[in-house]
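Going down the list, the sequences are from chains A and B. Count the first sequence with the numbering used here and you get residues 1142 to 1450, in order. Count the second sequence with the numbering used here and you get residues 129 to 411, in order.
Don't take each hint at face value.
Distance windows between CB atoms, simulated [claimed, not checked]: (1) A:N1419 x B:K156: 45 to 55 Å; (2) B:E226 x A:S1297: 47 to 57 Å; (3) A:E1380 x B:K266: 53 to 63 Å; (4) B:E320 x A:D1164: 42 to 52 Å; (5) B:L361 x A:D1211: 18 to 28 Å; (6) B:D328 x A:S1425: 43 to 53 Å; (7) B:E383 x A:S1425: 31 to 41 Å; (8) B:N380 x A:E1320: 53 to 63 Å.
What the hints contain is simulated information worked out from the structure, not anything from laboratory work. Think of the CB as a built atom: it goes at the ideal place given N, C-alpha and C, for glycine as much as any other residue.
Here is how the chains run, residue by residue.
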Amino acid sequence: MNSKKLIATRESFGNALADLEDDRIVVLDADLSSSTKTDIFEKKYPERFIENGIAEADMIGTAAGLASCDKIPFVASFAAFATGRCYDQIRASIAYPKLNVKICGTHSGITVGEDGATHQMLEDLSLMRTLPNMTVISPSDDVSTRKIISEVARHSGPTYVRLSRMKTPIIYAENEEFEIGKGKQIGNGKDATIFATGDVVCEAIKAQEFLKTKGINVRVVDMYSIKPIDKELVLKCAEETNNLISIEDHSIIGGLGSAIAEILCDEYPKKLVRMGINDTFGKSGTPEQLLSHFKIDANAIIEKVKEMM
Amino acid sequence: MKVTKVKALERIANKIRIDIVEEVNQAKSGHLGGSLSCTDILTVLYFNEMNISPDKPKDLLRDRFVLSKGHASTALYATLAERGYFPKEDLLKFRKFESYLQGHPDMNKVPGVDITTGSLGQGLSIANGMAIASKMNKAGYRVYCLIGDGELQEGQIWEAMMTSSKYKLDNLCVIIDCNKLQLTGETEKVKELNYESIEDRFNSFGFNTITIDGNNIDSVMSAFSVAERTKGLPTAIIARTVKGKGVSFMENKVEWHGKAMNDEEYKKAIEELKTKERSLEDE
């Protein structure tokens, strides 16, 4: 992990969009393009960019209409507005008719920071995961975001991509590949598996590196594909490691932890400790303060693993 | 196959009304009032106005229709069957278990349905997306979107109107089925909606606006041709209609929004429409 060069996944997303070569792609934004970074695409392809104004529900409908006419729309807004504000539009006009719309929610989780609770979306994975036909992706760094965005563009069907505002380290080498429906195992430790997703994968890796110096060997699994989820990998880690933890910058209800718990419950009953936002709303602060306050940073993971040993 | 004679279109509309009554009678549920109010509009669209072909329902260059008031599926299915998209006898499976004719239209199940609808307020945004795609591809097809007057209470419609005019979607024609009633009662009272102001409202949002008698085939045809000739802005046709049109005891009666008929009512409705059918044939 390269902690010297930091980049937010929203930025990687913006760069990746502009690199996509399919001219059926249309990008829509709701007055946030300088924050969601779709302005990079807008500058390159103004004729395929739609500024929809502050009207997320309308934007989802416009995208559904475009998709029904063989366009590939990527819609972007903050995660709270891209999913929560227009849940019914996504459900009735995209997920049910299986239209090829890519919904991209930046500024997910508490790492939004100072904007506070209204803007810190902690329920989007849960909302999107429950929709039939919906693919849900939550990448963790620059490389995985860029690679998965080009996979998402090729994949046909409704898709939600969860992105972050906070700058995070680069985890992967440039030649790493990312397939929808797979997870990435980092390390082979047998003391515990830390399943992580999104902007806290780097916290899990920091914890892994520290714990190694204390003689505790854990593996980290980057679950960038929340739905479909890599069931085989979950079961393999449940068999091979003594303790299981999930961590996410999201409510512990309905997100990554729930998805893993569902698999374990069905196929391999085993205790899972779910770390995340514990059924509460966020608040203003710096991302670092909030990660620490809500106990989803490297220190919290280290404490939890030590408790479990 | 374009039907150009008003009388011939009136005969088709009456046949569709008979099928609507048959559909709802066998399903013992469905939305009669709002289906009968928009029947003449659908007839003109599918038999005269739109560039479509039932043997190529997915043709990329076809005109598109969005039934934003998806609960009028009864009328849409009867129209599509009459136009030859699927066998008429299938109408008797409307709303039945494992039928492709679901309560609300499903684009992945029904030949001729261009988009899935049912949750109100969303159709105009979708129609905008279709019209923008047509312009981006210089494909030339037109998009028609039918909205209920009660549906104007959904805020998303007004968001979408700003998108229609921003992109100068002159290939888009919105029709508002103003039948003045909704489930709970009079649309003007359920929420503030002065009928005289609808035209001004659409005008102020950047539409070319035409108010017509939406149950008059000739007026509907003329309005569509004005819409087609209008360049640089979208058109809204404010179609003043009668809820339950064609079945006298249902006309302007709010209880016929979503009620099934008993046997006696069914017989009376069919008898009236068949009498009308005979009179149209005689003319």
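Status of the hints after comparison with the structure:
1. A:N1419 x B:K156: 45 to 55 Å: Holds: the Cβ-Cβ distance is about 49 Å, inside 45 to 55 Å.
2. B:E226 x A:S1297: 47 to 57 Å: For E226 of chain B and S1297 of chain A the Cβ distance comes to about 26 Å; the hint is violated.
3. A:E1380 x B:K266: 53 to 63 Å: holds (58 Å)
4. B:E320 x A:D1164: 42 to 52 Å: holds (45 Å)
5. B:L361 x A:D1211: 18 to 28 Å: holds (26 Å)
6. B:D328 x A:S1425: 43 to 53 Å: Given a distance of about 44 Å, which is inside 43 to 53 Å, the answer is holds.
7. B:E383 x A:S1425: 31 to 41 Å: violated (53 Å)
8. B:N380 x A:E1320: 53 to 63 Å: holds (60 Å)
Hint compliance for this structure: hints 2, 7 are not met, and every other hint is.
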